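Colleague: What follows is the residue order along each chain.
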Amino acid sequence: MNTQSNAVPESPLGSQAIPSAAPSATRPLYWSVRREVWENHSIYISPLAVAAVYLVGFMISLIWLPPSMREVWMPHTMREMATLKAPDSLIGLAMPYAHAAMLVGLVAFLVGIFYSLDALHGERRDHTIRFWKSLPVSDLTTVLSKASIPLVVLPLVAFAVTVALQQIMRLLSIAVLVANGGGAATLWTRLPLSEMELVTLYGAFVLTLWHAPIYCWILLVSGWARRATFLWAVLPWVGIAVLENIAFHTSHLGSLLQDRLWGFGAAAFDLKDKNGVPVDTHFIPLAQLAPGRFLSSPSVWLGLVFAAACLVAAVRLRRYQEPL
Amino acid sequence: MTVIEARSLRKAFGKTVALDGVNLRVDEGRILGLIGPNGAGKSTALNAILGLTEYQGELRVLGRDPWDERDQLMRDVCFIADVAVLPRWMRVSQALDYVAGVHPRFDRAKADSFLAKTDIRRTSKIRELSKGMVTQLHLALVMAIDARLLVLDEPTIGLDLLYRKQFYDSLLNDYFDRTRTIVLTTHQVEDVEHVLTDLMFINRGRIVLECSMEDFESRYLEVTVRPEQVAAARALKPIHERQVIGRSILLFDHVDRKQLTALGDVRTPGIADLFIAVMGNQAGEAQGAAR
Numbered sequence: 089m090n091t092q093s094n095a096v097p098e099s100p101l102g103s104q105a106i107p108s109a110a111p112s113a114t115r116p117l118y119w120s121v122r123r124e125v126w127e128n129h130s131i132y133i134s135p136l137a138v139a140a141v142y143l144v145g146f147m148i149s150l151i152w153l154p155p156s157m158r159e160v161w162m163p164h165t166m167r168e169m170a171t172l173k174a175p176d177s178l179i180g181l182a183m184p185y186a187h188a189a190m191l192v193g194l195v196a197f198l199v200g201i202f203y204s205l206d207a208l209h210g211e212r213r214d215h216t217i218r219f220w221k222s223l224p225v226s227d228l229t230t231v232l233s234k235a236s237i238p239l240v241v242l243p244l245v246a247f248a249v250t251v252a253l254q255q256i257m258r259l260l261s262i263a264v265l266v267a268n269g270g271g272a273a274t275l276w277t278r279l280p281l282s283e284m285e286l287v288t289l290y291g292a293f294v295l296t297l298w299h300a301p302i303y304c305w306i307l308l309v310s311g312w313a314r315r316a317t318f319l320w321a322v323l324p325w326v327g328i329a330v331l332e333n334i335a336f337h338t339s340h341l342g343s344l345l346q347d348r349l350w351g352f353g354a355a356a357f358d359l360k361d362k363n364g365v366p367v368d369t370h371f372i373p374l375a376q377l378a379p380g381r382f383l384s385s386p387s388v389w390l391g392l393v394f395a396a397a398c399l400v401a402a403v404r405l406r407r408y409q410e411p412l
Numbered sequence: 037m038t039v040i041e042a043r044s045l046r047k048a049f050g051k052t053v054a055l056d057g058v059n060l061r062v063d064e065g066r067i068l069g070l071i072g073p074n075g076a077g078k079s080t081a082l083n084a085i086l087g088l089t090e091y092q093g094e095l096r097v098l099g100r101d102p103w104d105e106r107d108q109l110m111r112d113v114c115f116i117a118d119v120a121v122l123p124r125w126m127r128v129s130q131a132l133d134y135v136a137g138v139h140p141r142f143d144r145a146k147a148d149s150f151l152a153k154t155d156i157r158r159t160s161k162i163r164e165l166s167k168g169m170v171t172q173l174h175l176a177l178v179m180a181i182d183a184r185l186l187v188l189d190e191p192t193i194g195l196d197l198l199y200r201k202q203f204y205d206s207l208l209n210d211y212f213d214r215t216r217t218i219v220l221t222t223h224q225v226e227d228v229e230h231v232l233t234d235l236m237f238i239n240r241g242r243i244v245l246e247c248s249m250e251d252f253e254s255r256y257l258e259v260t261v262r263p264e265q266v267a268a269a270r271a272l273k274p275i276h277e278r279q280v281i282g283r284s285i286l287l288f289d290h291v292d293r294k295q296l297t298a299l300g301d302v303r304t305p306g307i308a309d310l311f312i313a314v315m316g317n318q319a320g321e322a323q324g325a326a327r
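Chains as they are written, first to last, in my numbering: chain A, 89 to 412; chain B, 37 to 327.
Note that these hints are calculated values from the structure, not bench results. Treat the hints with care, as some may be off.
Claimed, not checked - Far from chain A, some chain B residues (derived; all Cβ distances over 12 Å): (1) L86; (2) E164; (3) D213; (4) R270; (5) G282.
What the hints assert, rightly or not - Taking beta-carbon pairs under 8 Å as the criterion, some of the chain B residues facing chain A (in silico): (6) R111; (7) C114; (8) P123; (9) R124; (10) Y134.
Here the structure is a predicted model, which means the values were calculated and not measured. Where a beta carbon is used, it is the ideal one built from N, C-alpha and C, also for glycine.
Chain A extracted, bound-state conformation:
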C-alpha cells in the first residue's frame, strides 16, 4: 500500500490482469430470466387466473346454453346444422375459443406493460441494483433478460395457457355433448382447433414484434424516470400529439400511435377472402395469414429499430444508475 503523495507505483497499470473462470455466455441470461419470473408471479398467475375465470364462465354457459349455441351444438339439431352455411356453424363453434385466446392475449399484453414499467425502476427503488451489480452479470444481460419477459416469456406463457384452456374447453364440451346423448366425434371433427392454435401462435408472434417498440420504450423510461414511470412513458407522446393537432390541425402522430397499438391485424392477416368478402376474425383460416407481407412491412422493421435503440439506451443508462 502506498501513500497518496509520492508513492506512485512503478509497475505499469493493468499489467497483471488475472484470468477468470469463463462462464457460459447464456447461463447468466438464463438465470436472470428465471429470477425475473421468480420476482414477478403475475407473469404466469395473471394469464392462468383469467383463464380460470373464463373457464368457469364457459362451464356455466355449457349448463345454460344460449339458444343460438344450442342450435349449433345439440345433437338433435345436427340435421338442421347441416343446412347452415359451413362458415356460420364454424364461427359459432369457434367463437368462445377465439374469445379465450383474445382475452389471454390481452391480459398478457397488460402484464407486459406493467412489468416493463417497473422492470428497471423497481431495482433502483428498492436498492437491490447494488446487489445485482455485485454479481458478474453485465448490464446488457440484465436488460435483455428484462426485455425477454414481454418479448419471449409472456407470449409463450399466453400461448401455452390458451392452448391448455382451449383443450379443456373442448373436452368439457364433448363431455356435455356425450351426457346429452350426442356424438363426441361431431365436435371433434367440426372444430378446427389445431388450425386455430397455429393461428394463435402466429398471432402471438406478430403481436410481439408489433408491440416490441412499446415494451422497449417503457423499459427505457423505467430505467430513466425517478418516479411516475407510467406518466413519463405516455405523456410525452400524448403531449406531442395534442401539440401537433393544435399547431398543424393534423393527427399524424395520433394515427401512428393508434396503428402501433391496433394496426397489426391489417399488416399480418388478409382480412378479406379471395372474393373480397371480409373474414370473420373469430376464425381466421391459415390461408388468410400474410407472414411475407408482415415481415416485409417497413412499419415492422422501423418499430424493431426503435425497440433496439431503446434497449441500447437502457443498457447505457443502467451503467450509470444508482439506487433512488
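Given the structure of chain A, go ahead and fit chain B onto it with the hints provided.
Modeller: Chain B alone, transformed into the frame defined by chain A:
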C-alpha cells in the same frame, strides 16, 4: 501482487469534488480500513473500485479497468454494500440458486455449510429474516465465492454488537486466508481495530493518513500526562491534545516510548483516537486557510 492501483483518481459531482487526485496501492493479502467522516469520499472510492461510477485518472483492480470491465471484474470481486440490498421478495434457496447460476466461482456446498450454523431456513423469504440474519445470508453468499477482493461498505450498519462481532469473526476465521484482500469502510472503527492490516484515513476526497497497523502501533503513542509534565510534553510537539476529567492526554507521532514514559501513562491509542486527532487537525488547518 498489487490488487488495487490508482493514480490521480478524481471524481466530482458538479462542483463537489468527492475524490481529489487519490493515489493508492493495495497489495494482496491485506485488510485495509478506509476510514473517514460522512461525505469524505469513502463510498465514491469504493464505487470507483467496483466499476459502479465513472472517474478521472487511472485505476486498475486486479489488472482490469473497473469501469470498462465491471462484469468480468465481478467474477473476482465481491462486495457488500449494506444489509438492505438483498432482494426482500427472494427466498433464501432462490438467492443460493441464483448466485450459483450466475457466478462461476460460487461454491454452493460452502454456502450451505455456513448457513447450517445459523437459524436461517432455506424456505424463508428475505423479508422474513431479521437484519442480522440478512447479513449472515449475505456473508454466506459472499464467503462461498472464491473471490480475490472483497469490498465491504458499512457492512454491519444497524447491527447489534453480537452480530457485528460474529460478522468479523466469520470473516477472519472462515474467509480470510492471506491470499485474499479486503477493503472495508465503517464508522464503527473499534469493531475492526483487531481485523485490519492497513489503515487509511480519507477526508474531503484526499488520503490524509496511511499506514500499516504495525506502523500504527509503533508510531503513535498516547500519554496521559502528569500535570507537572504538561509543558515538557507539549515541547515534544504532540499531534493532538485533549482534556479528560481535568487531565491532558497528548498524542504523539514518532516519539520514543522511553521519553514519553517519563511524562505519564503511555498507551497505544485506538484508531478512533487517531482519527479524531487527524480530522481535528485537518479541520483546524482548513479554518486557518480560510482566515
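Colleague: Decide, hint by hint, whether the structure agrees.
Modeller: Structure-based check of each hint:
Its beta-carbon lying about 8 Å from the closest one in chain A, B:L86 breaks the requirement of being farther than 12 Å from that chain. Non-interface call for B:E164 relative to chain A: holds, since the shortest CB-CB distance, roughly 16 Å, exceeds 12 Å. Even its closest Cβ contact with chain A, about 16 Å, leaves B:D213 beyond 12 Å, as expected for a residue assigned away from the interface. Chain A leaves B:R270 outside its interface by the beta-carbon criterion, the shortest separation being 28 Å against a cut-off of 12 Å.
No beta-carbon of chain A comes within 12 Å of the beta-carbon of B:G282; the shortest separation is about 37 Å. Given hint, B:R111 at the interface with chain A, holds; its Cβ is 4 Å from that chain's nearest Cβ, closer than 8 Å. Interface restraint check: B:C114 against chain A, minimum CB-CB distance 7 Å, threshold 8 Å, status holds. Because the smallest distance between the Cβ of B:P123 and any Cβ of chain A comes to about 5 Å, under 8 Å, the interface hint for this residue holds.
Hint status for B:R124: holds, given a least beta-carbon distance of 7 Å to chain A, under 8 Å. At about 5 Å, the closest approach between the beta carbon of B:Y134 and any beta carbon in chain A falls short of 8 Å, and the interface hint on this residue holds.
In this structure, only the earlier hint numbered 1 is contradicted, and the remaining ones agree with it.
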